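Enquirer: Sequence:
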Amino acid sequence: MKMRTSLSILALGVAATFSLDAPAAAQGFYAGKQITLVVGASNRGTYAGYSRVLAIHMSKHIPGNPKIILSVKGGASGGMVAANFMNNAVPKDGTVMGITQQTIPVSQFLRPGAGRYDATKWGWIGNISPITNMVALWHKSPAQTLEEAKKVEVRVSATGKSSPTYVYPSLMNRFFGTKFKMITGYKGIGGMNQGMLQGETHARGASWLSVVTKAPHFIKEKKLKPIIQDGLKRDPMLPNVPTFLELAKTPTEKGVFELVAIGSTFGRSYFIPQGVPAARLVTLRKAFQATMKDPAFLAQMKKQKNPVNPMTGPELEGLIKRIQATKPDVLKLAQSAMVFKKKKK
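Just so you know, we're using my numbering here: the sequence shown kicks off at 513 and counts up by one.
Everything labelled a hint here was simulated from the structure, so no lab data went into it.
The structure presented is a predicted model; accordingly, all values stated were derived computationally and were not measured.
Every residue gets a Cβ at the ideal spot worked out from N, C-alpha and C, and that includes glycine.
Possibly wrong hints are sitting among the right ones.
What the hints assert, rightly or not - For each label pair, taking beta carbons as the anchor points, the in silico distance ranges come out as:
hint, residue 1, residue 2, range
1, K817, S583, 19 to 29 Å
2, G544, G689, 55 to 65 Å
3, H729, P763, 24 to 34 Å
4, G544, K839, 24 to 34 Å
5, L744, K815, 43 to 53 Å
6, K833, Q706, 32 to 42 Å
7, A808, G711, 36 to 46 Å
8, G697, T632, 23 to 33 Å
9, K545, T725, 26 to 36 Å
10, K817, K745, 16 to 26 Å
To be verified - No farther apart than 25 Å at their CA atoms in a straight line, the calculated lysine-lysine pairs in the BS3-like style are these:
hint, residue 1, residue 2
11, K817, K737
12, K652, K663
13, K633, K814
14, K745, K734
15, K833, K766
16, K745, K572
From just these sequences and the hints, can you work out the full model?
Expert: Given below as structure tokens:
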């Protein structure tokens, strides 16, 4: 009886040690290491701006305080390069995090086979803030309203075909009859703005925040006029600009616009590739959430005029499930709206 009791106590001790060592090992893993944060956007855009601040402050909340450095892979790819890179070319040990265009999770379903990634299997860490995308007309554009854009061709600055800078004008052409012609290859916000300044294009998409933070004089001087925005409701910064949902004519169209709005909800979301040990994802999620409450982080974000409305990793997983549950007729209509011409060989 005494021997049986001793063995039971020993077994309990081993179990307790194992349960404590698993998270402890995950936390201790980062001591003396460096984390690379891959940014699938231009070096001067809001994705990189958010990420630089996150890198400074999140490091303090990861046990072992690993240094976080940025690696920018994007600008004229719509985030596809970064998505493919994260899925296929990085260590699966938790030393590489990523952020890419918010449309990438939805694009996987709109353009099956176009990329070599699977966002449904990524380990979602958290989202600093959803974002509002829009399409805006330059003050020298041949069209100055949505109705006028249905009558004349308007050249639109765009980065890549998986970017909202291309997706949203495409939707408008398909559902509203606009005559936007997307010119791809611009490197981020700065490149698209330069295209308008030089007269190459007369409109651009992307987030309204990118205008507020990177080109506020466009607003003050009334050089850029937003004519539509995405999202489930109007952004407080754009109270007089209609949403895609408001202009939907059928339930199926509404479903398409809701699907696209989910992409915007991903906003500034961070993830790790599939295959990383679960305990390390837990560690990174905890550090991310602690950063979202860090007074120093919040103060720096406020100074840069970057809103912080965080979402957790599990909440982002819920968005992925909503995308996966999209009705076939809605997905088919959304795919038909995305006209991607193959390059001639």
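Enquirer: Does each hint fit the structure? Answer for all of them.
Expert: Taking the hints in turn, this is what the structure says about them:
A hinted range of 19 to 29 Å for the beta carbons of K817 and S583 is consistent with their spacing of about 25 Å. Distance hint check: the CB atoms of G544 and G689 are about 59 Å apart, consistent with the given range 55 to 65 Å. Checking the proposed 24 to 34 Å range against H729 and P763 shows it is violated: the Cβ atoms sit about 42 Å from each other. A hinted range of 24 to 34 Å for the beta carbons of G544 and K839 is inconsistent with their spacing of about 50 Å.
The beta-carbon spacing between L744 and K815, approximately 29 Å, falls outside the hinted interval of 43 to 53 Å. Roughly 40 Å separates the CB atoms of K833 and Q706, a value that falls within the hinted 32 to 42 Å. The supplied range of 36 to 46 Å is met by A808 and G711, whose beta-carbon atoms lie about 43 Å from each other. Under the hint 23 to 33 Å, the C-beta atoms of G697 and T632, about 29 Å apart, fit the expected range.
Judged by the Cβ atoms, the range 26 to 36 Å given for K545 and T725 holds: they are separated by roughly 32 Å. The hint said 16 to 26 Å for the Cβ distance between K817 and K745, and at roughly 21 Å that hint holds. Using a Cα cut-off of 25 Å, the hinted pair K817 and K737 holds, with the two alpha carbons roughly 20 Å apart. At roughly 16 Å between alpha-carbon atoms, K652 and K663 fall within 25 Å of each other, so this suggested pair holds.
At roughly 33 Å between alpha-carbon atoms, K633 and K814 are farther apart than 25 Å, so this suggested pair is violated. For the hint pairing K745 with K734, the CA-to-CA distance comes to about 24 Å; that is within 25 Å, so the pair holds. Only pairs whose Cα atoms come within 25 Å are accepted, and K833 paired with K766 is accepted, the gap being roughly 18 Å. The straight-line distance between the Cα atoms of K745 and K572 is roughly 36 Å, outside the 25 Å bound, and the hint therefore fails.
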